[in-house]
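*Asks:* The lines below spell out each chain.
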Amino acid sequence: MSLVSGPGRAGETSGSLPDELQLTIEPHVRYIQSLDSRRDELEYWLTEHLRLNGLYWGLMALHLMGRPDALPRDETINFVLSCQHENGGFGAAPGHDAHMLYTVSAVQILAMIDALDELERRGKGRALVGSYIAGLQNTRTGTFAGDEFGEEDTRFLYGALNALSLLHMMDAVNVNKAVDYIVSCANFDGGYGVSPGAESHSGQIFTCLAALSIAKRIDLVDVDKLGRWLSERQVECGGLNGRPEKAEDVCYSWWVASSLAMIGRLHWIDGDKLKEFILRCQVCSVSADNSTEINARQDTKMGGFADRPGDMVDVFHTAFGLGGLSLLSFPDLEEVDPV
Amino acid sequence: MASHGVPRPSTITTKDEQARLKEEKDIKDYKTLVDLTSEREYSLEVLELTSKLLTKNPEYYTIWNVRRRLLTYGLFSKPSDSSLPSMELPSTSQTDTTITSSADSSSSSSQATPPSQNSRMTGKTGTTLEAIKNDLAFLVPLLMGWPKCYWIWNYRLWLLQQAKERLDMEIARAMWTQELGLVGKMLTRDNRNFHGWGYRRKIVAELESPELGGSSMVETEFEYTTKMFSASLSNFSALHTRSKLIPKLLNERRSDDGARLRFLTNEFDLIAKALWTDAYNQSAWFYHEYLMTNLLEPVRQSTITPNMSSTERSAYVVLQIENVKEMLEGEEECKWIYNALLGNTMALWQLEERSPMSDELQDCKTWLAELRKLDPLRRGRWDDLEKEFRGF
Chain G
1 MSLVSGPGRA
11 GETSGSLPDE
21 LQLTIEPHVR
31 YIQSLDSRRD
41 ELEYWLTEHL
51 RLNGLYWGLM
61 ALHLMGRPDA
71 LPRDETINFV
81 LSCQHENGGF
91 GAAPGHDAHM
101 LYTVSAVQIL
111 AMIDALDELE
121 RRGKGRALVG
131 SYIAGLQNTR
141 TGTFAGDEFG
151 EEDTRFLYGA
161 LNALSLLHMM
171 DAVNVNKAVD
181 YIVSCANFDG
191 GYGVSPGAES
201 HSGQIFTCLA
211 ALSIAKRIDL
221 VDVDKLGRWL
231 SERQVECGGL
241 NGRPEKAEDV
251 CYSWWVASSL
261 AMIGRLHWID
271 GDKLKEFILR
281 CQVCSVSADN
291 STEINARQDT
301 KMGGFADRPG
311 DMVDVFHTAF
321 GLGGLSLLSF
331 PDLEEVDPV
Chain F
1 MASHGVPRPS
11 TITTKDEQAR
21 LKEEKDIKDY
31 KTLVDLTSER
41 EYSLEVLELT
51 SKLLTKNPEY
61 YTIWNVRRRL
71 LTYGLFSKPS
81 DSSLPSMELP
91 STSQTDTTIT
101 SSADSSSSSS
111 QATPPSQNSR
121 MTGKTGTTLE
131 AIKNDLAFLV
141 PLLMGWPKCY
151 WIWNYRLWLL
161 QQAKERLDME
171 IARAMWTQEL
181 GLVGKMLTRD
191 NRNFHGWGYR
201 RKIVAELESP
211 ELGGSSMVET
221 EFEYTTKMFS
231 ASLSNFSALH
241 TRSKLIPKLL
251 NERRSDDGAR
261 LRFLTNEFDL
271 IAKALWTDAY
281 NQSAWFYHEY
291 LMTNLLEPVR
301 QSTITPNMSS
311 TERSAYVVLQ
321 IENVKEMLEG
331 EEECKWIYNA
341 LLGNTMALWQ
351 LEERSPMSDE
361 LQDCKTWLAE
371 LRKLDPLRRG
381 RWDDLEKEFR
391 GF
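Chains G and F, in that order, give the protein sequences. Here the first sequence stands for residues 1 to 339, numbered as in full-length UniProt numbering. Here the second sequence stands for residues 1 to 392, numbered as in full-length UniProt numbering.
One or more hints might be untrue.
To be verified - As a list, the in silico BS3-like pairs of lysine-lysine whose alpha-carbon atoms are at most 25 angstroms apart:
hint	chain 1	residue 1	chain 2	residue 2
1	G	246	F	273
2	F	365	G	225
3	G	225	F	335
4	F	373	F	387
5	F	22	F	56
6	G	273	F	373
7	F	248	F	227
8	F	244	F	202
9	G	177	F	244
10	G	273	G	246
11	F	185	G	225
12	F	185	F	56
13	F	244	G	246
14	F	133	F	185
15	F	248	G	225
16	F	56	G	225
17	F	227	G	246
18	F	202	F	185
19	G	246	F	185
20	F	335	G	273
21	F	202	G	177
22	F	164	F	227
23	G	246	F	148
24	F	335	G	246
25	G	225	F	373
26	F	273	F	244
27	F	133	G	225
Stated by the list, open to error - Okay, the calculated beta carbon distance ranges per label pair:
hint	chain 1	residue 1	chain 2	residue 2	range
28	F	309	G	111	51 to 61 angstroms
29	F	220	G	235	27 to 37 angstroms
30	F	349	G	139	43 to 53 angstroms
31	G	140	F	148	48 to 58 angstroms
32	G	216	F	28	47 to 57 angstroms
33	G	45	F	369	28 to 38 angstroms
34	F	349	G	245	28 to 38 angstroms
35	F	391	G	69	49 to 59 angstroms
The set of hints was computed from the structure by calculation and includes no laboratory data. No residue lacks a Cβ here, since even glycine has one placed at the ideal position from N, Cα and C.
Put together the whole structure using the sequences plus the hints.
*Replies:* As structure tokens, then:
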């Protein structure tokens with residue numbers, strides 16, 4: 001087995017995988033570092049509404065790869081705080097309206113780089129962020145809205161509990177009601193949807209299980225039934241899909257596998273085949289002559305993961321591909337908490 | 001940033017000068033449009049700019065909010081409101097707006113023409129009804145182009161809520177009713193789009209509500225799932241929806257025990273037909289499992305036949321197991337059949353509160369061996385099942 005030259009050193013530890021299925025850290029780090037330098041591309045401007053999420057995904061990936069310092073900490077904090085509104089909530093970027101999705105990303109980023117104190121020092125205070133989130137709870141049903149216009153989704157419920165637990169402000173909301181609401185979203189297959197009556201979907205299952213985990217009520221899940229349904233998400237190529245009869249996608253490596261982990265059934269799918277699938281979704285491949293061959297359009301675009309082999313990479317799939325690998329105890333990656 | 005199903009170019013191409021210049025211009029045009037839209041006045045010009053921007057980028061959620069505010073504080077307002085001293089939108093205050101303070105924005109602001117007084121969107125120049133109708137029409141091509149964009153679906157629901165709050169009930173009801181046609185069309189184009197199914201559920205709930213003078217639509221919606229399932233036998237979304245409608249349907253029909261049993265048998269027949277067509281149809285197998293659950297859950301908790309006695313249930317389960325066994329003929333390689341046989345046989349022991357008989361145990365071990373062979377991906381699951389057998 002040839003080893004990889006350069007700082008990735010993936011070849012040393014994952015002995016059973018063929019050369020093209022190694023994980024080389026450095027191109028992925030550089031890919032994430034390059035994301036904010038792409039202002040000469042229209043795509044950069046068309047995706048501004050995802051900027052704060054993108055930063056979270058990028059940082060998550062870097063932390064998993066053991067490179068938390070690869071993005072400058074001060075600039076990160078400044079950018080996050082520049083997205084905050086008077087009401088405590090955060091938008092996707094300066095000039096974008098406050099919304100639950102970005103407020104959660106902001107809290108997660110600050111927590112990840114141990115900078116929640118900056119909310120007190122330079123932001124509008126931890127308490128105001130918590131009260132913005134708490135204010136979006138539907139006091140009648142227990143679920144959460146995304147913003148003042150009232151779209152409700154179990155994604156927002158999970159986000160709220162996640163951020164509030166990081167802020168140590170779980171008392172600000174009615175957790176029991178939120179738990180009851182999740183129970184009302186359960187379906188005959190053991191899964192959960194966006195709201196009561198909605199079809200089971202692996203992404204929503206992740207949000208509901210993670211919310212139940214944070215609320216310490218995972219005992220309410222029909223573990224065997226859900227475990228069976230989730231395990232059937234693995235298709236022949238090793239990848240996972242989100243619903244029956246749909247195509248596989250790297251991001252479900254995270255949504256499905258972490259859900260299985262939360263109910264103690266991760267061993268119900270084939271971890272090795274999933275790892276191989278995820279690794280096939282990288283753009284970076286390692287050639288036999290020990291050099292790293294980058295299969296990308298230009299230097300700044302090397303590295304990263306796509307939804308499926310051969311597709312365009314993006315930071316979302318990079319984070320969740322690495323998340324999946326970490327969950328499967330891939331060597332060289334930090335261990336991840338499925339919640 | 002989250003690209004799904006976008007193929008990577010097979011050859012490495014560097015952009016030529018012409019392409020680079022075009023992208024540069026596209027970026028400049030786009031940023032100019034964003035800056036103009038950010039001016040936030042209640043003018044028709046800004047509304048049109050938001051239309052232009054959202055047509056380019058419907059994921060730009062803030063612009064949908066700008067549009068909501070334009071309508072709420074502008075066109076929806078009563079004529080007397082037009083005399084409000086300030087036409088500025090309520091600020092969603094920012095701590096920092098450095099991102100727009102580029103050279104581009106200064107040049108773009110010079111192109112911004114101040115809105116003329118007569119185009120201000122007050123109740124005088126346009127009615128709420130027209131505004132909502134125009135906006136609903138504006139959204140249709142966007143939905144067709146981006147059927148998975150949360151923000152468009154959401155905005156449309158918000159508009160319809162506005163209709164409910166601001167218009168006569170009959171008019172509002174007609175608007176909501178029309179949505180069934182639209183969402184039907186969307187679900188014909190993609191019969192699994194969960195935005196579409198979710199939207200349909202919300203439309204129906206509104207049409208059933210007393211605020212819109214409605215009554216239950218459970219019968220027609222149930223028929224709709226039959227239609228969608230018949231068109232595509234692996235449509236799990238349709239089967240899921242069906243499972244949610246059944247309890248309500250049977251209650252509304254005031255079905256007695258006999259009618260409920262006939263209903264259950266019809267459902268089993270329907271799904272068996274699908275499985276005989278394609279034994280690998282996992283959606284149908286999950287629905288089969290749902291129907292079986294009705295028999296296996298404790299008496300009174302099951303939703304279809306709550307009053308069925310334990311003896312009747314056992315007999316029914318045994319019959320179903322026999323039916324599934326018949327499917328093996330010619331489909332010996334189909335893991336789903338073994339999976340169902342195994343699950344249902346083990347459930348029968350629980351239902352009858354007894355240990356397995358030796359021939360049953362032997363069958364189960366044979367089926368498990370088949371599953372191991374046919375479905376190695378899930379061997380961890382089969383290991384766990386085997387452990388359960390050791391208890392006997």
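*Asks:* Next step is simple, just say for each hint if it's right about the structure.
*Replies:* Structure-based check of each hint:
1. A hinted pair counts as satisfied when its Cα atoms are at most 25 angstroms apart, and residue 246 of chain G with residue 273 of chain F qualifies at roughly 22 angstroms.
2. For the suggested pair residue 365 of chain F and residue 225 of chain G, the alpha carbons sit about 21 angstroms apart, so the restraint of at most 25 angstroms is met.
3. A hinted pair counts as satisfied when its Cα atoms are at most 25 angstroms apart, and residue 225 of chain G with residue 335 of chain F qualifies at roughly 17 angstroms.
4. The suggested pairing of residue 373 of chain F with residue 387 of chain F holds, with an alpha-carbon distance near 18 angstroms, which does not exceed 25 angstroms.
5. About 16 angstroms separates the Cα atoms of residue 22 of chain F and residue 56 of chain F, which keeps this hinted pair within 25 angstroms; it holds.
6. Proximity of residue 273 of chain G to residue 373 of chain F is assessed by CA-CA distance (about 17 angstroms); at most 25 angstroms being required, the pair is judged to hold.
7. Pair hint residue 248 of chain F plus residue 227 of chain F holds up; C-alpha atoms about 19 angstroms apart against a cutoff of 25 angstroms.
8. For a cut-off of 25 angstroms, the pair hint linking residue 244 of chain F to residue 202 of chain F stands: about 14 angstroms separates their Cα positions.
9. For a cut-off of 25 angstroms, the pair hint linking residue 177 of chain G to residue 244 of chain F stands: about 22 angstroms separates their Cα positions.
10. Distance hint between residue 273 of chain G and residue 246 of chain G is fulfilled; the C-alpha atoms sit about 18 angstroms from each other, no more than 25 angstroms.
11. Proposed proximity of residue 185 of chain F and residue 225 of chain G is contradicted: the alpha carbons are some 34 angstroms apart, above 25 angstroms.
12. Taking the CA atoms of residue 185 of chain F and residue 56 of chain F, the gap is about 23 angstroms. The hint holds against a cut of 25 angstroms.
13. At most 25 angstroms may separate the alpha-carbon atoms for a hinted pair to count; residue 244 of chain F and residue 246 of chain G meet this at roughly 22 angstroms.
14. Straight-line distance between C-alpha atoms of residue 133 of chain F and residue 185 of chain F comes to about 19 angstroms, which keeps the hinted pair within the 25 angstroms bound.
15. With a CA separation close to 24 angstroms, the supplied pair residue 248 of chain F and residue 225 of chain G stays within the 25 angstroms bound.
16. Restraint check: the Cα-Cα separation between residue 56 of chain F and residue 225 of chain G comes to about 43 angstroms, which exceeds 25 angstroms; the hinted pair is violated.
17. Our distance criterion of 25 angstroms between C-alpha atoms is met by residue 227 of chain F and residue 246 of chain G, whose separation comes to about 21 angstroms.
18. Straight-line distance between C-alpha atoms of residue 202 of chain F and residue 185 of chain F comes to about 16 angstroms, which keeps the hinted pair within the 25 angstroms bound.
19. Between residue 246 of chain G and residue 185 of chain F the alpha-carbon distance is near 21 angstroms, which keeps this suggested pair within the 25 angstroms criterion.
20. Distance restraint check for residue 335 of chain F and residue 273 of chain G: the Cα-Cα separation of roughly 19 angstroms lies within the 25 angstroms cut-off, and the hinted pair is therefore satisfied.
21. Under the criterion of a C-alpha separation no larger than 25 angstroms, the hint pairing residue 202 of chain F with residue 177 of chain G is consistent with the structure, at around 22 angstroms.
22. A distance of roughly 30 angstroms separates the Cα atoms of residue 164 of chain F and residue 227 of chain F; the hinted pair therefore is violated under the 25 angstroms criterion.
23. Between residue 246 of chain G and residue 148 of chain F, the direct Cα distance comes to roughly 15 angstroms. Compliance with the 25 angstroms bound is thereby established for this hinted pair.
24. A threshold of 25 angstroms between alpha carbons decides the hint, and for residue 335 of chain F with residue 246 of chain G the separation of about 19 angstroms falls inside it, so the pair holds.
25. Between residue 225 of chain G and residue 373 of chain F, the direct Cα distance comes to roughly 22 angstroms. Compliance with the 25 angstroms bound is thereby established for this hinted pair.
26. Distance hint between residue 273 of chain F and residue 244 of chain F is fulfilled; the C-alpha atoms sit about 21 angstroms from each other, no more than 25 angstroms.
27. As the CA atoms of residue 133 of chain F and residue 225 of chain G are separated by approximately 46 angstroms, the hinted pair breaks the 25 angstroms bound.
28. Judged by the Cβ atoms, the range 51 to 61 angstroms given for residue 309 of chain F and residue 111 of chain G holds: they are separated by roughly 56 angstroms.
29. Distance hint check for residue 220 of chain F and residue 235 of chain G: the Cβ-Cβ separation is about 35 angstroms, which falls inside the suggested range of 27 to 37 angstroms.
30. The hint said 43 to 53 angstroms for the Cβ distance between residue 349 of chain F and residue 139 of chain G, and at roughly 46 angstroms that hint holds.
31. Our hint of 48 to 58 angstroms for residue 140 of chain G and residue 148 of chain F is violated, since their Cβ atoms are close to 29 angstroms apart.
32. Taken as a hint, the range 47 to 57 angstroms holds for the pair residue 216 of chain G and residue 28 of chain F, whose Cβ atoms sit roughly 53 angstroms apart.
33. At roughly 58 angstroms, the beta carbons of residue 45 of chain G and residue 369 of chain F sit outside the given window of 28 to 38 angstroms.
34. Between residue 349 of chain F and residue 245 of chain G, the C-beta spacing of about 32 angstroms keeps the proposed range 28 to 38 angstroms intact.
35. One distance hint, 49 to 59 angstroms for the beta-carbon pair residue 391 of chain F and residue 69 of chain G, holds here, with the actual separation near 52 angstroms.
Checked against the numbered hints listed earlier, the structure breaks hints 11, 16, 22, 27, 31, 33; every other hint is satisfied.
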